[in-house]
Structures are given as C-alpha cells and as structure tokens.
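Visitor: Residues per chain are reported as follows:
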Amino acid sequence: MKNTVIIDYGMGNVASVQKVLNFLNIPNIISRKHEDIEDAGFLILPGVGSFRQGMQNLRDYELVDILSNQVVHQKKPIFGICLGMQLFALEGTEPTLCNGLGWIKGRVIKIQDPKLRIPHLGWNNIIVKNDLLHDFQDQDFYFIHSYHLELEDANDLLATVEYGREYTAIIQRENLFATQFHPEKSQHIGLQLMRFFYSHYAEN
Amino acid sequence: MQKIRILPILTFNGFALVKTKQFQNPRMVGNPVQSARIFNNRGVDELIFLDIMASKQNRKINLNLVRDVIKQCFMPVGIGGGIQNLEDINDLLKIGADKVVIKSRAIQNPKFIDEASSFFGSQCISISIDVMNVDGIYYIYNHGITDILALDFILKMQDLGAGEIILNSVNNDGMMDGFDIDLYNFIESKTYLPIVMVGGGGDLTHYKNLFETTNCEAVGSSSIFYFTQYTNADIKLTLQEIGKPVRFSKQ
Numbered sequence: 001m002k003n004t005v006i007i008d009y010g011m012g013n014v015a016s017v018q019k020v021l022n023f024l025n026i027p028n029i030i031s032r033k034h035e036d037i038e039d040a041g042f043l044i045l046p047g048v049g050s051f052r053q054g055m056q057n058l059r060d061y062e063l064v065d066i067l068s069n070q071v072v073h074q075k076k077p078i079f080g081i082c083l084g085m086q087l088f089a090l091e092g093t094e095p096t097l098c099n100g101l102g103w104i105k106g107r108v109i110k111i112q113d114p115k116l117r118i119p120h121l122g123w124n125n126i127i128v129k130n131d132l133l134h135d136f137q138d139q140d141f142y143f144i145h146s147y148h149l150e151l152e153d154a155n156d157l158l159a160t161v162e163y164g165r166e167y168t169a170i171i172q173r174e175n176l177f178a179t180q181f182h183p184e185k186s187q188h189i190g191l192q193l194m195r196f197f198y199s200h201y202a203e204n
Numbered sequence: 001m002q003k004i005r006i007l008p009i010l011t012f013n014g015f016a017l018v019k020t021k022q023f024q025n026p027r028m029v030g031n032p033v034q035s036a037r038i039f040n041n042r043g044v045d046e047l048i049f050l051d052i053m054a055s056k057q058n059r060k061i062n063l064n065l066v067r068d069v070i071k072q073c074f075m076p077v078g079i080g081g082g083i084q085n086l087e088d089i090n091d092l093l094k095i096g097a098d099k100v101v102i103k104s105r106a107i108q109n110p111k112f113i114d115e116a117s118s119f120f121g122s123q124c125i126s127i128s129i130d131v132m133n134v135d136g137i138y139y140i141y142n143h144g145i146t147d148i149l150a151l152d153f154i155l156k157m158q159d160l161g162a163g164e165i166i167l168n169s170v171n172n173d174g175m176m177d178g179f180d181i182d183l184y185n186f187i188e189s190k191t192y193l194p195i196v197m198v199g200g201g202g203d204l205t206h207y208k209n210l211f212e213t214t215n216c217e218a219v220g221s222s223s224i225f226y227f228t229q230y231t232n233a234d235i236k237l238t239l240q241e242i243g244k245p246v247r248f249s250k251q
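Just so you know, the protein sequences line up as chains C and X, in that order. Mapping the first sequence onto my numbering, position 89 (from 1) lands on 89, and the numbers just tick up by one. Mapping the second sequence onto my numbering, position 247 (from 1) lands on 247, and the numbers just tick up by one.
Hints were generated in silico from the structure; no laboratory data involved. Here the structure is a predicted model, which is why all the values come from computation and not from measurement. C-beta atoms are modelled at their ideal positions from N, C-alpha and C, and glycine is treated no differently. Treat the hints with caution; some may be incorrect.
Unchecked claim - Below, a sample of chain C positions facing chain X; criterion: calculated Cβ distance under 8 angstroms:
1) 12
2) 48
3) 52
4) 118
5) 124
6) 125
7) 144
Said to hold, decoys possible - Using 35 angstroms as the maximum straight-line C-alpha spacing, the simulated DSBU-like pairs for lysine-lysine come out as follows:
8) X:19 to C:129
9) X:190 to X:208
10) X:94 to C:33
Pulled out of the complex, with its shape left as it was, chain C reads as follows (with noise of 0.2 angstroms):
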C-alpha cells in the first residue's frame, strides 16, 4: 500500500493530523523529500500561519515545482486543510498580494465584517452542495481562520459555511480536495470525513 505523505513545510500541525491518520490506519509520514512525494499514493498539505509564509516556506523548500507536477500533471490525490486549501488558489492576500500554487481559480481575502468577532473561530455546521457530501449535511466543524477563499468557478465548491454570510468550506477539482476546518481537530465528524476522503479518492 502506498504511503499518505504528510506534506512538511514549516507551517506547524503536522502532528495532529499524523494522529488522526494512525487511528484510522492509513500508513503515512512525514516529510518533505522529493523521493517520498513521487513515491505517495495521496498527499496532504497542512498549514496554519500566513498566505505569504506558507508560499515562502513551500519555495524555500523547493516544493513548488514538484508538487505542482504531481498534482497538476500527474494528478495524484491531494488534500488541503486550511491554509493548505488556501494556497491552492491564484493569489492571496495576507499579509499582502501574493502569487500561490494557481491550481484552483479563486483568490484569498480577508473576512471583513465589522459587527464580527475576526479570526472566525470555534465549531460552524457546513452547508453542503453536492450529493457527494451528504452524510455531512449541517455537521459542525472546527474553524479558525481570517481569510477566506473566495471561488471564481462555482464547480468546484462542496460546501459552505454561515458566519455573517457564506464562506467556502470545502472544494474538490479532479484530485484535488481540500477543506477550510480542521477534520484532523473535528472529533468524530472529523475522522469520519478524513476516512471518506481517503476511501473516495485515495483507494483508487
């Protein structure tokens, strides 16, 4: 079976979600070797910080290139969680304008509304789209975040979340998912998505 690799580039919670994947059993690691990146079977990019730290960290370890080649060209399985989902767009914007990895079209902007208390953090039900999802209809999840991804192609959002107004929550184009919340900090629900994810499109 081949290895869910834990993508490592600096941006913390790394941990966590090794915890998750070792009490469902689903062989990973940690890392950030090329050799182990080519050699997965799904990754998972992480991240908690800033748009413009996570693309310095992904750049200063050469990660750039090779994960765009295994997603983009090779279509290997990929999820994003947090700012991993975030870095998967065209720009972002925190701390400033900032190129990211350009696979999903959207854009990363701040969450502006001024009768809310910023970050949008604690336990949210997501709003889901798509039949895929649906035994994750209204479910709550954790969420910590500032900035939110705002979609230029309405495909490829799953699910949204209500604070003030609709937010994105969960994306999915072609191997690529990836979800706003923490499903590695979501309990029960959490590891019943990280299981459905890795079954609908890792186990292929």
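Position chain X relative to chain C; hints supplied.
Guide: Same frame as chain C, but now just chain X:
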C-alpha cells in the same frame, strides 16, 4: 451558524491538576492525562491546559506531559505556561498544540506578541487576561495586582496580533457563584477578538444568566467539572433551552 464553545480549563502546578479560589489556595483535583481523556470522551469543544506555576517558578512547561495530554485529544487544545520565546511556542505547536496561551511574557514584553503572531499567525496566539476588580476598575492581575488597566492591555494585545482573549475574573475564580457579567459587557464591545469568559461557573443557572444577559460566545470552566456532577453536555442542554446554538458531538 457558529456554536457556543464550552471549554474545560485544566490548571496544573507542575505535579497535578489544581483548582484555585480567587487565584489562591490551589487544591489538587486530579491527573492531567486522565482528565484530558475524560473530556475528550465527553466530546468537549476544546480544551485549555495551563501550567500556572511555570513562569513564577522560572521554568518551562513539561513537554512530555503536554504531549501525553494532547495525545488524548481529538479536538483543539490550547497550552500555556512559561512561554518566553518563539522556540517555546514552536516546541508546543510541533507536539500538536493548536494554540498557545501567553500571559506573563505578554505583560513583561508586549512586543513579543507582535513577533509571535507574525511568525506563527494570529490564530495560534491566545492571551490570558487575568483581571481583578478594585473599586470598580478592572486591572491586570499577575501573581498580584498591577497598575495596568485591563481594557488598555486587551486593546494593545489586539493591535499586536493576538488571535483570542481568555478573560479570567480573579474575583470570581473558583467561587462557583456566577460569572462577572459586568466585566464581560465592559470588554466585549471594545474588541473584535473572540473572547472566552472564565471564572465563577458553579451551577447551570450561572450559564443561563451569562448567556441571557450578554453576547458571550465562549465560556471556560473548571470547578463545575471537578466539584459537581454537571458535565459540558448539561451546560449545553441549558443553553439550548434558552435558544442558543450549541454542538452535541456524535459519540
């Protein structure tokens, strides 16, 4: 719709979990790893673990113990105690902490919060604001009363990139006689940061009162979980009865 968060606060003295009254007279209440496991099984929203003696005793938090506590938790965990520099924060995040809780260092050197939030992102940085009411004015308390006005300090933390405020009422801590409603109302409209209100929860009517008379979105508690039969589920049922959105975890 965003749900109200109910957080157990685990306070540790370096050896065991303890519970204070008005930040004094800690008494032992249990074992951190065991407590974390129980709270995880109960499906709590989040957990905060604080080594309340680390800074005072000039030492770091025990990373091996923290690792064992985090291992029990499949929900977000905030860890605090003796954080002095970026390396301390990195050590905690690497072993799985989702947030770090900083207090003493933020008071000694507020610029550190700017450094920390720039490096790790605001969402990892929570500030513990311990507040004492002296003749109707709220001051910061740090192993003793300071002359720092609580509101000024909170706004400074907000400007420097903090992601969340843990607002502790020293006067109400451990008294199990209700929350400091005035404190919450005083602070809440002046900051856009998420606030966890802590101190004074002793029975279900206290939570009903807090959520009926304020816009509180998150509450932290300790005594009620150690000294009464009430669990986080009981508190949530009470809140649900008054029409507040709460999360019940699937077990």
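Visitor: Would you mind marking each hint as holding or not holding in the structure?
Guide: Status of each hint after checking the structure:
1. 12: 5 angstroms, holds
2. 48: Result: holds, 6 angstroms to nearest chain X Cβ.
3. 52: 11 angstroms, violated
4. 118: 5 angstroms, holds
5. 124: Because about 5 angstroms separates residue 124 of chain C from the closest Cβ in chain X, which is inside the 8 angstroms limit, the hint holds.
6. 125: Hint holds; residue 125 of chain C Cβ to chain X Cβ min 7 angstroms, cut 8 angstroms.
7. 144: This hint holds: residue 144 of chain C lies near chain X, its Cβ roughly 5 angstroms from the closest one there, short of 8 angstroms.
8. X:19 to C:129: Violated: residue 19 of chain X and residue 129 of chain C sit about 46 angstroms apart, past 35 angstroms.
9. X:190 to X:208: Roughly 23 angstroms separates the two Cα atoms, so the pair holds.
10. X:94 to C:33: Status holds; Cα separation ~19 angstroms.
Hints 3, 8 from the list above are not met by this structure, while the remaining hints are.
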